[in-house]
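**Q** Residue numbers (my numbering), protein chains in the order written: chain A, 1 to 281; chain B, 1 to 243.
Mixed in with the good hints, there may be bad ones.
Straight line, CA to CA, 30 Å or less: simulated BS3-like cross-link-like pairs of lysine-lysine [said to hold, decoys possible]: (1) Lys-201(B) <-> Lys-123(A); (2) Lys-69(B) <-> Lys-190(A); (3) Lys-123(A) <-> Lys-139(A); (4) Lys-161(B) <-> Lys-177(A); (5) Lys-123(A) <-> Lys-95(A); (6) Lys-230(B) <-> Lys-101(B); (7) Lys-142(A) <-> Lys-65(B); (8) Lys-177(A) <-> Lys-201(B); (9) Lys-142(A) <-> Lys-69(B); (10) Lys-213(A) <-> Lys-201(B); (11) Lys-101(B) <-> Lys-177(A); (12) Lys-164(B) <-> Lys-123(A); (13) Lys-45(B) <-> Lys-73(B); (14) Lys-191(A) <-> Lys-58(A); (15) Lys-42(B) <-> Lys-209(A); (16) Lys-191(A) <-> Lys-218(A); (17) Lys-123(A) <-> Lys-45(B); (18) Lys-201(B) <-> Lys-209(A).
For the record, the hints were derived by calculation from the structure and aren't laboratory data.
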Amino acid sequence: MLRVIHPGFYTTIQDAGRFGYRDIGVPVSGYMDAFAARFANALLGNQPEDAVMEISLKGPTLMFGINTRVVTYGAEAHLKLDGEIRAHCIPFQIKAGQSLEIDTIEKGARLYLAVQAGFQTEKILGSRSFYPEITHTDKLYKNQELMLKETEFLPSGHAHVKHDDSTLTTNLLEVLKGPEYDCLTTEMCKKITELTFHVGHENNRMAYKLEEKISENKVDMLTSPTLPGTVQLTPSGGLMILMRDAQTTGGYPRILQLTDTAINILAQKREGDGIRFSLLN
Amino acid sequence: MHPTESNFSLRFFPYSDSAILIEWPEEISEAILQDIRAFKFKVAKQQPCESVMAYRSLLLIYKNKIDFKETVKTLKQLYQSREFLNIKPKQWKIPVLYNHKVGWDLEAFCAQKQMSQTDLIRLHTSAVYRVFAIGFLPGFMYLGGLEQKLWMPRHSEPRPKVPKGSVGIGGQQTGVYPQESPGGWHLIGNAPVQLFDAHRKKPCPISVGDTIRFSSISEEEHELITIQVKSGIFQMENLQEHA
Chain A
1 MLRVIHPGFY
11 TTIQDAGRFG
21 YRDIGVPVSG
31 YMDAFAARFA
41 NALLGNQPED
51 AVMEISLKGP
61 TLMFGINTRV
71 VTYGAEAHLK
81 LDGEIRAHCI
91 PFQIKAGQSL
101 EIDTIEKGAR
111 LYLAVQAGFQ
121 TEKILGSRSF
131 YPEITHTDKL
141 YKNQELMLKE
151 TEFLPSGHAH
161 VKHDDSTLTT
171 NLLEVLKGPE
181 YDCLTTEMCK
191 KITELTFHVG
201 HENNRMAYKL
211 EEKISENKVD
221 MLTSPTLPGT
231 VQLTPSGGLM
241 ILMRDAQTTG
251 GYPRILQLTD
261 TAINILAQKR
271 EGDGIRFSLL
281 N
Chain B
1 MHPTESNFSL
11 RFFPYSDSAI
21 LIEWPEEISE
31 AILQDIRAFK
41 FKVAKQQPCE
51 SVMAYRSLLL
61 IYKNKIDFKE
71 TVKTLKQLYQ
81 SREFLNIKPK
91 QWKIPVLYNH
101 KVGWDLEAFC
111 AQKQMSQTDL
121 IRLHTSAVYR
131 VFAIGFLPGF
141 MYLGGLEQKL
151 WMPRHSEPRP
161 KVPKGSVGIG
171 GQQTGVYPQE
181 SPGGWHLIGN
191 APVQLFDAHR
201 KKPCPISVGD
211 TIRFSSISEE
221 EHELITIQVK
231 SGIFQMENLQ
241 EHA
C-alpha cells in the first residue's frame, strides 16, 4: 500500500490504455509518453504495460507501506527519500514507512514513477488508466491509498542502462498525411513544414493547441473517427493535436498524423515550447 | 435495415501505421450506414482490430503496425464476398421529461419557433432517429432524423455545465448528454436513463446503426425511473426492428 501525502499538481495512474471500447466513445487513454513509461518498467523488470504514475509539473509526496523498488524516468525532477537525494533513472529500494518526495519538474513535462510489479489500482474496462466517469477518480488526491504488490527483490541488473533524453531535447515531430491533408492549399502545406509552432496555454491529456494560425478554412465535414496524434485544423486556422484522452470522433479536418514517437515527444512539451513538423510521406 | 447488394466505391487510407480508414461516399444516408455496418460485422470476425464507425467512415485500429497493402487486399476481398447480415439493429425507447425545470431552453425555444410545447413534444417524440455515430463522450449518440421544424443553430457560447441526461437540440441533430459536460445545445428535457456505465457488463447498450424513439413521461414517472436506475433495476426498452 501507498498513501498520498501530497498529490502534486496533476498526478494520475496510467497503463498502456483502454482498448476495445472506442466504438462506444471511450478514449483509449494510457501513458502520454509511452516510451518513458515503458522504459521505467523495463528498468525494474516489470511488464511494459504495467501501470505507472504519471506526474506533471509538480510532483507528489508518497508514503510507502511496504518494501519495494522504484525508478523515475521521462521528465526530470529532484527526488528525496526521507530527505536523502536519490538519482533519476536509477532504481532504488524503499522500505515500509519511508516517504518519497518528487519536486518540481525542471526538464520536460511528464515524469513517470514505476514501482515493482506496477500499481495495482482498480482495473475498469481492461485498464487502470484514470479517466473521469470510468475510474472512481481522475487524479490523485490527498490521503488516497493505492494498492501495491509485495514482491521479492530482484537483483538490480538493469541499473546501468544509459539514460536517453532525446525525447526531451528534440523538437522535431515526424508526421504522416492525415485523411484531409489534400484539402490544404500549397501555401498552407508550406507553412506547416516551414514554421516553428509553439505549444499554447491549453495543453493537457486530451489535446495540445498550438499558438500559430495557418489560414482560416471552411471545410465542412461529417463527424469522423479520430486517433491520438491526429492534428486537426480548426475553423479559425489553428492546429489542435489530439492526445491520449481525446474523444474518439471529431468534425474538424484531420490534416496530419503524428507517429508514435512524435506523440511521446510532444507529451514532454509545455506551454511556449517550440515544435516543427517533418512530413514523412 | 436489409443488407444491400450494392457495392460502393470505397477509399482506403493509411491513417497512422496501425490503422486503416475506410470511407464511403460523403453523405448522410441510411444505405451507406447499413453497408458499413454489414461490413463491420464481417471484419470483426476475421481481423484482430477494434473499429469505430461514424456516418460514412469505418476506422479499423490494430494493436501493432500493419502491412497496409496486404491488409487492404484482404479487406477488399472481404468487401466483395459479403453474405447476408443477420444482426438486426435494435430499436430503443428512451423516456424523457419535457418541461422548463429540466429543459432550460424549452420556453425560449418554443417562443422563437412560435410553437406550443405540446407541438414540440409531439414532433420530437414522433420521429424515429438513427444512431449515425457514438463519440464526443462515452455513450454520446449522434442522431439523424430530426424534424426540420425543430432545427436550431446551437448557442454561440456553450454552457460550462450541462446536467447528465439532458436532452438537447443542436443544429440538425438531437441527443442526450450521457454525463455532465460542457455543451452548446438547446435543452428541452431530461432522460433519467444511464446511457453509459463503465461497471456494466455492456457499458453502452446502444450501437451505431440502432434506432431511438423518445417517449414523453410525467414528473412522477421521471422520479420513479430515476430511483429504478439508481437501484439498478431499470431496463431500457428495446424492440427488435421488424425486417
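**Q** Take the C-alpha atoms of Lys-142(A) and Lys-65(B), compute the straight-line distance between them, and say whether it is at most 30 Å.
**A** It is violated: about 40 Å lies between the C-alpha atoms, which goes past 30 Å.
**Q** Within a Cα-Cα threshold of 30 Å, do Lys-123(A) and Lys-45(B) meet the stated pairing?
**A** Cα-Cα ~27 Å, so holds.
**Q** Is Lys-101(B) within 30 Å of Lys-177(A), Cα to Cα?
**A** Status violated; Cα separation ~48 Å.
**Q** Within a Cα-Cα threshold of 30 Å, do Lys-69(B) and Lys-190(A) meet the stated pairing?
**A** 29 Å, holds
**Q** Below or equal to 30 Å on CA atoms is what counts here, so check Lys-123(A) against Lys-139(A).
**A** 15 Å, holds
**Q** With the threshold set at 30 Å, check whether the alpha-carbon distance from Lys-191(A) to Lys-218(A) stays at or below it.
**A** 18 Å, holds
**Q** Hey, Lys-177(A) versus Lys-201(B), does the alpha-carbon distance stay inside 30 Å?
**A** 38 Å, violated
**Q** Quickly compare the C-alpha distance for Lys-191(A) and Lys-58(A) to 30 Å and report which way the hint goes.
**A** Violated, at roughly 35 Å.
**Q** Are Lys-142(A) and Lys-69(B) close enough, with their CA atoms no more than 30 Å apart?
**A** 51 Å, violated
**Q** Need the status of pair Lys-201(B), Lys-209(A): alpha-carbon distance at most 30 Å?
**A** 36 Å, violated
**Q** Given the proposed pairing of Lys-123(A) with Lys-95(A), does the C-alpha separation stay at or below 30 Å?
**A** Satisfied, since the Cα-Cα distance of roughly 26 Å is no more than 30 Å.
**Q** For a C-alpha distance cap of 30 Å, please report whether Lys-230(B) and Lys-101(B) respect it.
**A** 21 Å, holds
The structure fails hints 4, 7, 8, 9, 10, 11, 14, 15, 18 (numbered hints given earlier, in ascending order).
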